[in-house]
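2 protein chains.
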Amino acid sequence: MAREFVCSYTTPIVKTTAGRIRGYRIDSTYTFHGIKYANAKRFQMPTPPEPWEGVRDALSYGYVSPMLNRETAVGEIMVPHRYWPKDENCQYLNVWTQSLDPHAKKPVLVWFHGGGFSDGSSIEQVAYDGENLSKFGDVVVVSVNHRLNILGYLDLSPYGVEKYWNSANVGNADLVASLQWIHDNIANFGGDPENVTIFGQSGGGAKVTSLMQTPSADGLFHKGIVMSGIADRIMSFDNTDSRPLVDAILEELGITASDIEKLETVPYETLAEAYKKVMPAIQAVGGYTGCAPIPNRFYIGDPRIVGFTEHAKTIPVIAGTVVAELGGFAPTLRNRTSMSAEEQIIYLKKYLGSSAEELATLFHSCYPDRPVTDLLLLDTFSRTATKDFIRKKAAFSQSATYNYVFSFVFPMDDGKPAWHCSDLPFFFHNTDKVFICNVPDVSDQLEAQMSGILISFARTGIPSAEGLPEWTACTPDNISTMILDRECRIVHNFDDKLYEIYTPLAPDPHSLHADKEVTVLH
Amino acid sequence: MAREFVCSYTTPIVKTTAGRIRGYRIDSTYTFHGIKYANAKRFQMPTPPEPWEGVRDALSYGYVSPMLNRETAVGEIMVPHRYWPKDENCQYLNVWTQSLDPHAKKPVLVWFHGGGFSDGSSIEQVAYDGENLSKFGDVVVVSVNHRLNILGYLDLSPYGVEKYWNSANVGNADLVASLQWIHDNIANFGGDPENVTIFGQSGGGAKVTSLMQTPSADGLFHKGIVMSGIADRIMSFDNTDSRPLVDAILEELGITASDIEKLETVPYETLAEAYKKVMPAIQAVGGYTGCAPIPNRFYIGDPRIVGFTEHAKTIPVIAGTVVAELGGFAPTLRNRTSMSAEEQIIYLKKYLGSSAEELATLFHSCYPDRPVTDLLLLDTFSRTATKDFIRKKAAFSQSATYNYVFSFVFPMDDGKPAWHCSDLPFFFHNTDKVFICNVPDVSDQLEAQMSGILISFARTGIPSAEGLPEWTACTPDNISTMILDRECRIVHNFDDKLYEIYTPLAPDPHSLHADKEVTVLH
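Each protein sequence line maps, in turn, to chains A and B. Last residue of the first sequence: number 530 in our numbering, and the count goes up by one each step with no gaps. Last residue of the second sequence: number 530 in our numbering, and the count goes up by one each step with no gaps.
In case anyone wonders, no lab produced these hints; they're calculated from the structure. Hints are all accurate, no fakes.
You can't tell identical chains apart in this list, so a pair holds if it fits in one copy or across any two.
The list that follows gives simulated cross-link-like pairs (lysine-lysine, DSS-like), each with its CA atoms no further than 27 Å apart:
#1 K94 with K171
#2 K284 with K94
#3 K171 with K284
#4 K285 with K94
#5 K441 with K94
#6 K23 with K49
#7 K94 with K270
#8 K270 with K285
#9 K143 with K113
#10 K143 with K441
#11 K321 with K113
#12 K49 with K171
Just so we're clear, the structure is a prediction, and the values are computed from it rather than from any experiment.
Sequences are here, hints too, so could you generate the full structure?
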């Protein structure tokens with residue numbers, strides 16, 4: 009059925025601090041794509057956009073950051089992507105809203121994409137589209153592009169050039185600039201600048217936690233949601249001395265350290281090739297490899313290591329994971345649903361030895377509906393680190409901390425456990441766009457609940473949704489976990505024993521004897 | 009509402025000549041993405057894909073051909089794009105079907121994308137998705153990637169290396185290979201190999217007409233639809249001597265003519281840079297510039313110039329255009345809907361002088377609902393050449409030739425006349441995905457009619473749809489044109505006089521005094 013589309017000479021036009029922009033309205037949703045929120049010279053701090061006269065169209069998504077590696081389209085059925093033209097000039101954001109009334113004060117949800125600090129974009133995944141979430145929750149949704157990898161996170165500060173003082177973190181400085189733009193402009197898009205929730209998944213989750221530790225972002229956001237984004241070493245380096253890496257890049261490019269400013273004009277592709285050539289040898293000896301923030305006067309550091317800032321202590325947080333994360337990309341065992349309980353134990357013993365039976369019992373108590381062989385796909389990437397984060401954060405009474413595990417079983421290969429990113433179509437209310445999420449009479453309810461959680465948390469600071477049990481906040485001694493599945497339920501410290509025994513034994517899921525009949529072509 | 013998604017170990021799996029592949033089903037539609045239909049070495053003819061054991065997933069779109077220029081996202085509201093990873097290894101096709109019964113014999117519609125012979129892909133535009141058309145018409149839809157630009161169309165034949173005999177046309181040879189794959193395999197996807205309709209827009213339309221003139225494609229397709237794809241010089245060169253261009257490329261790369269095979273291993277980016285560097289000087293003196301087919305024993309040549317082959321004479325054809333084509337990308341005149349008739353004439357006189365009044369009267373008689381100032385955006389790209397093609401084709405009684413003009417007014421800028429590509433969401437039944445097409449109570453009917461035309465033509469060779477007047481075939485003396493709009497109507501030789509007077513006077517639409525208030529940012 010046709011919807012109402014409006015994009016005229018006079019509406020929808022919004023005044024921003026730099027000038028007027030025109031978007032479009034589709035039914036109730038006003039949409040603005042590719043708004044320039046900052047400019048930046050390479051390795052340097054962002055500056056506000058240049059003002060303009062007249063009206064600029066905001067009808068096409070903006071450039072995304074260049075990336076180090078050529079893209080390949082693999083596993084699109086599990087994580088459908090949107091590839092996009094790239095340019096260093098990539099400080100663009102997108103807005104979806106139900107109102108342009110400056111007094112409407114709707115909650116604002118700001119999406120920071122994943123891909124570590126090296127890859128991805130605000131529109132990289134089909135699931136990231138903001139229209140449905142904005143409409144379902146009557147909230148303002150913003151998504152942000154920023155500088156990535158060596159453009160956003162390469163420390164040149166030891167070389168004595170003042171303008172590079174924060175080159176290790178300018179990718180995050182772009183994010184702060186986007187939050188400043190939101191603070192200054194979002195009221196004209198119907199949003200409340202005093203109620204901004206930042207949310208992100210994987211690397212985007214690490215962006216949320218790192219901005220909690222970034223003084224210049226204090227007050228620019230008020231709540232945080234970290235999805236599958238807490239893991240060891242994702243936002244910190246054991247070694248932060250950047251000189252071996254940068255010296256090697258300079259040597260590779262034939263540039264002397266005193267001429268380091270020449271790095272600003274080297275084509276990105278050349279710079280990236282040099283980085284990729286010299287980095288592995290430095291990584292091999294435990295050196296700094298760039299491509300993630302490092303602590304300095306801009307950024308305090310990973311809160312699990314350095315402790316939470318006073319501002320971070322005041323931020324209510326939801327931090328959760330999905331059941332299989334990276335293991336979910338491994339093939340499932342083809343004949344597992346027809347195996348007897350005994351056969352499943354025999355299979356587990358191949359990998360887990362004498363602990364197989366105890367682990368099967370523990371796994372069954374956590375996930376009673378799943379074949380116990382799926383234990384071998386269990387998340388060993390983020391769950392333990394997330395609980396560590398939560399225990400430390402929940403020690404502060406200034407704000408609540410909530411936890412979830414998403415354990416929906418997808419209708420592929422006799423039931424595929426939730427992989428990294430598989431929760432996003434549900435959170436964004438976009439299962440209509442990501443077919444693999446579709447289970448009639450089941451997925452619609454879970455989608456409403458999961459997007460409802462984001463919306464209620466953004467609105468009130470308390471996550472809730474119709475049909476969900478009451479969600480108790482965590483304490484250092486009690487990780488209350490909302491299991492997000494066909495029937496959502498709340499459990500307490502439910503998988504500690506499982507992880508304690510399983511973690512040291514866990515095999516690489518991609519090494520398993522899985523289905524050899526279906527080979528992934530692309 | 010959730011739909012049914014199926015992708016199990018055992019279904020949907022289809023046997024092809026090279027091996028078994030697995031796709032997915034969403035509700036009634038079986039979908040297979042990224043099926044390899046051929047392999048090819050650079051500049052050389054395609055060969056069948058290597059056979060494989062087991063089952064390969066066809067769940068991600070395949071690589072698209074590398075392109076000469078960096079992509080920029082502009083005008084996405086008018087033509088939403090899907091960018092995609094690129095590789096020379098790009099012979100992939102996609103299938104959408106409602107049946108996997110080898111005896112179902114559904115009509116097959118094969119989409120050749122536009123972008124001249126240089127750009128684009130089977131999925132470049134959001135509008136190209138095949139699911140809705142397949143479902144609405146119970147037809148099999150196939151879309152094809154192939155080699156483009158200098159990879160697909162650079163004539164090396166004068167250099168005495170036998171394997172390069174057809175390098176001028178290997179991009180089209182890929183298309184023939186895709187049609188051969190369809191002929192050999194489509195029955196297993198529910199399709200009828202004896203009822204294949206090829207359709208394409210812009211460069212894709214030129215692919216349709218050039219395959220009508222390609223003997224190795226005879227019998228592999230049975231009907232053709234050419235959308236906005238007939239234009240002067242789109243599929244022919246005044247000068248086909250490739251040596252000045254290729255010599256200049258070789259010199260630029262430091263390769264001697266006797267070492268021409270070294271061109272096979274030059275990185276594509278290097279080859280493309282060399283081509284782009286030397287080509288303009290050759291173009292300036294009217295030399296061969298590559299990037300389109302040239303006649304040889306594989307390809308007979310543009311039928312408007314060399315005449316129709318015996319096979320082409322038997323192919324029923326629909327050939328049509330949209331009302332503004334390239335002019336539709338120019339801004340519309342902001343205040344035209346509030347101008348009096350007299351003011352509009354005064355405005356037209358600035359560009360058309362003393363012919364303004366007569367042209368306004370003629371334009372009004374053709375398009376009575378439009379402000380006459382929209383005359384200045386009228387298509388001067390394809391309409392006249394299309395009528396020339398039709399007059400020549402209709403001289404043969406072996407098959408019918410039909411014509412349309414799409415003149416829908418889009419709900420933007422007080423009514424935007426149809427631009428190049430704007431018809432595709434309607435033909436593909438994809439206006440749900442391309443918001444600018446949405447006009448409640450109006451666009452759904454036109455979409456059903458336009459996709460219905462494709463379907464009835466594919467099924468019976470006669471274009472028809474509910475609510476459409478009877479569509480008479482053209483004769484050399486009578487171009488019967490179906491006006492596709494809110495109310496479709498059939499007219500005869502309706503714009504000959506308009507074009508006769510307007511063509512020599514037409515200004516460049518982008519030079520007009522249009523709306524200076526809205527600047528296109530991207």
